[in-house]
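*Asks:* Residue strings, one per chain:
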Amino acid sequence: MKGFIGGIHPKYNKLTSKSKIEVAPSSKLVILPLSQHIGAPCKPLVKVGDEVKVGQKIGESEGFVSAPIHSSICGIVKQISEKPHPVLGTCNSITIESNGKVDWDESIKPRDNPISLSVDELKNIIKEAGVVGMGGATFPTHVKLSPPKDKNIDCLILNGAECEPYLTCDHRLMIENCEEIVKGALILKKILDVKKIFIGVEENKENAILVLREKIEELNTDIKVIKLPTIYPGGAEKTLIYSITKRIVPAGGLPMDVGVVVQNVATAKAVHDAVYQGKPLIERVLTVTGAVNKRKNILVKIGTPLKDIIEHCGGYSGSVVKLISGGPMMGIAQYTDNIPILKGFSGILVQANIQIEAELDCIRCGKCLEVCPMTLVPTTIAQYSEKDMLEQAEDYFAADCIECGCCSYVCPSKIQLVQKIKTAKTQILAKRKQNAKK
Amino acid sequence: MTDDIKDALAKIYRRDDKVEPKKAFVTEKKPVIPIEEPKEEPIQKEPEKIFVKEEVKEERPHKEKKEEVFKKEPDKEPEVKIEATRQLKREKIEEPSPKIKAPSKFTVTSNPHIKDKSTVKSIMWMVVLALLPATLAGIYFFKTRAFIIILLSVVSALATEYIINKLSKRPFTLLDGSAAITGLLIALIISPSVPWWIPVLGSIFAISIGKLAFGGLGHNIFNPALAGRAFLVLSFPAIMTRWLLPDGITGATPLGILKEGGIQSVSYLDMLLGNIGGTIGETSAIALLIGAAYLLYKKVIDWKIPSFYIGSTAIIALIFGQDPIFHILSGGLLIGAFFMATDYVTTPITKTGRIIFGVGCGFLTILIRLWGGYPEGVMFAILLMNTVTPLIDRWTKPLQFGGKK
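First to last, the protein sequences are chains Z and H.
The opening residue of the first sequence carries number 75 in our numbering; numbering runs sequentially from there.
The opening residue of the second sequence carries number 34 in our numbering; numbering runs sequentially from there.
Note that these hints are calculated values from the structure, not bench results.
These numbers come from a predicted model, not from an experiment.
Don't take every hint at face value.
[As the list claims (entries may be wrong)] Some but not every residue of chain H turned toward chain Z, in silico, with C-beta under 8 Å:
#, residue
1, 136
2, 142
3, 151
4, 153
Note that the Cβ used here is the ideal one computed from N, Cα and C, for glycine as well.
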């Protein structure tokens with residue numbers, strides 16, 4: 075059933091797969107960066123000293139590929155300034171201090187029959203709610219749901235694979251909020267006008283598969299839950315589409331080129347909340363795991379400082395070396411814990427008592443080729459990248475790397491292959507963009 | 034049904050009997066939670082010359098500080114700081130330690146943040162282990178001579194690498210096992226009748242010219258052990274072609290008899306067990322196959338090269354009216370196919386490339402055996418294919434997923 079070549083079987087360490095989702099205590103302060111999504115950053119709609127309510131729009135999206143930002147607590151705007159950002163380094167952020175109340179914005183009202191709304195109205199609701207891809211990519215959902223007219227979409231896939239080790243937030247979401255996920259999928263089905271809907275879930279989440287199938291039967295829909303083999307990176311877009319539909323996304327292309335739209339299960343839940351309850355995207359589930367005293371899956375308000383969450387989980391334990399936002403394979407190591415939780419944060423992994431091993435020379439063992447899901451030659455691209463030979467690196471398809479990390483994982487010489495390939499890839503893509511503009 | 038499913042189903046069907054939620058899978062007693070990372074011990078000794086490239090932006094707390102803190106206050110209750118990892122481990126504190134301050138520095142590296150535990154060292158020593166059956170078989174059949182040759186060969190290989198690394202100020206690499214493998218392989222592919230200085234000379238050439246002159250591990254073009262043997266065969270042909278039978282009498286090898294056109298007097302069983310004339314390591318096919326099976330099981334070597342090498346040898350032998358099984362079991366084919374033609378550095382990295390390499394080696398081996406000047410073709414076949422490895426790699430570049438030609 076796997077289909078795609080390559081992939082690895084790391085130790086999964088799903089230490090929190092049985093922990094129910096806890097609601098994190100509300101914090102006194104939230105920091106909302108104006109860029110939490112792919113696309114243009116937002117323009118602030120409030121100024122220092124304004125009072126904001128829960129769910130009030132405080133950042134307006136500029137351009138088509140963008141999503142608005144909403145306040146996740148009720149309080150007063152204290153600052154609009156540059157603050158540390160997990161992905162960009164620093165970003166212009168709105169800091170809101172809580173005034174203890176929980177007043178919701180007046181525009182937030184539940185709807186009782188949203189399926190009857192038109193496609194454009196539904197897309198507008200999703201856009202206004204600021205829903206972005208919650209799997210980590212944070213691509214604005216309403217853009218993904220509006221493919222160009224010449225792309226014929228006939229298949230919707232919900233990504234419940236969660237192939238990264240340590241992360242269990244999607245797993246718990248599927249068990250505990252399966253109704254919202256299925257209803258969200260039906261809304262997406264209406265918008266895209268597709269007949270085939272699949273939910274891909276890995277084998278190690280048997281209970282989630284059972285629960286989803288029960289709910290689907292109860293709601294009498296024709297969504298199929300596909301059991302995927304447990305392999306990393308089975309949840310990456312291209313490999314997921316190949317595993318389920320056997321369609322190959324062309325190199326440099328997008329899933330819509332083969333008629334497929336992929337959404338994370340958490341995004342489907344956010345779509346449900348936006349459409350049925352009128353709630354904008356102001357909270358998300360994430361997994362706090364690793365070297366913390368209490369590992370859990372928690373529901374946090376977007377913008378909560380990371381330090382508060384770690385404290386709520388009992389604090390660090392052991393000699394902390396790394397703080398990673400996301401999973402261990404594709405997550406970003408942070409230089410400070412002074413950062414807020416963003417829309418795309420799927421997990422916090424604290425690593426302690428580990429060693430960074432020294433790099434040796436490539437011994438040409440060929441393991442990186444065996445595991446690359448995109449059938450590239452990582453070691454050669456890395457060697458060209460080190461010597462700044464970009465044309466040769468492009469010749470070896472450096473631009474098609476999905477940065478999954480499988481090659482670096484297996485390398486016996488402990489070479490940082492992903493770092494080197496990323497260097498070449500960003501330069502190649504920047505050059506292509508420049509050439510395209512001319 | 035597990036509690037999770039009960040919970041979720043209870044929600045769906047809105048039953049009123051309460052289902053107890055399962056406790057989070059966490060014990061609150063262990064503050065130091067071992068993470069399954071390559072090494073959990075704090076760094077004991079770092080080899081002086083191995084340097085970390087610029088990936089590590091922040092530095093870890095210094096080791097000297099930790100030792101001092103412990104030495105100064107051995108009787109006091111240890112202050113629960115992040116620096117005091119060793120103390121935490123020794124004292125085995127039972128309650129969670131809420132006083133651990135947030136660390137002031139975090140290490141930033143590129144993803145991925147977990148790695149497989151295999152290292153160059155572990156791979157190389159597994160190969161040495163796989164060569165042990167053949168080594169022991171060689172010593173059993175050829176007695177003390179074999180033992181001395183093996184010892185001299187390995188020691189001179191290690192010494193050469195150590196001396197040259199020291200002189201050229203390169204990092205200390207003896208522990209990674211590759212010099213030991215080269216030394217052992219050279220001993221296993223020479224006749225037991227040679228004088229003591231032959232393996233020493235061969236090892237020195239193999240390590241210094243065959244490996245280090247090109248840049249060390251990962252940069253050599255030719256298989257170092259075969260380069261060493263080629264040097265010996267070309268420089269001292271008479272000594273290198275004098276063979277012993279297991280009982281110590283000088284005699285011809287099966288391939289030697291084939292070249293001369295004589296009548297074979299050995300059985301398949303003799304060739305399997307090693308009761309024939311030949312080099313120290315190549316005579317016992319069973320011992321080699323045991324080692325090879327271990328390497329294949331541990332996925333240290335790729336199955337493609339040996340199978341295509343041996344297969345193509347057998348098929349081409351058959352085409353030319355030779356006995357395929359004889360050709361598989363005779364000479365250095367088995368040791369060449371499983372231990373030399375599978376050397377990482379000198380063979381192609383792509384999958385198709387490895388198949389081409391295996392077939393090419395097989396073809397050249399039979400060519401040399403039947404029509405070449407030497408009775409044994411494995412050494413030159415592999416060395417010749419080593420020269421075209423970069424070309425094979427370039428020709429067999431794989432297309433990316435979703436790419437078009």
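*Asks:* Look at each hint and say if it fits the structure.
*Replies:* Structure-based check of all given hints:
no.	hint	in the structure
1	136	holds (4 Å)
2	142	holds (6 Å)
3	151	holds (5 Å)
4	153	holds (5 Å)
Hint check: no violations occur; every hint is consistent with the structure.
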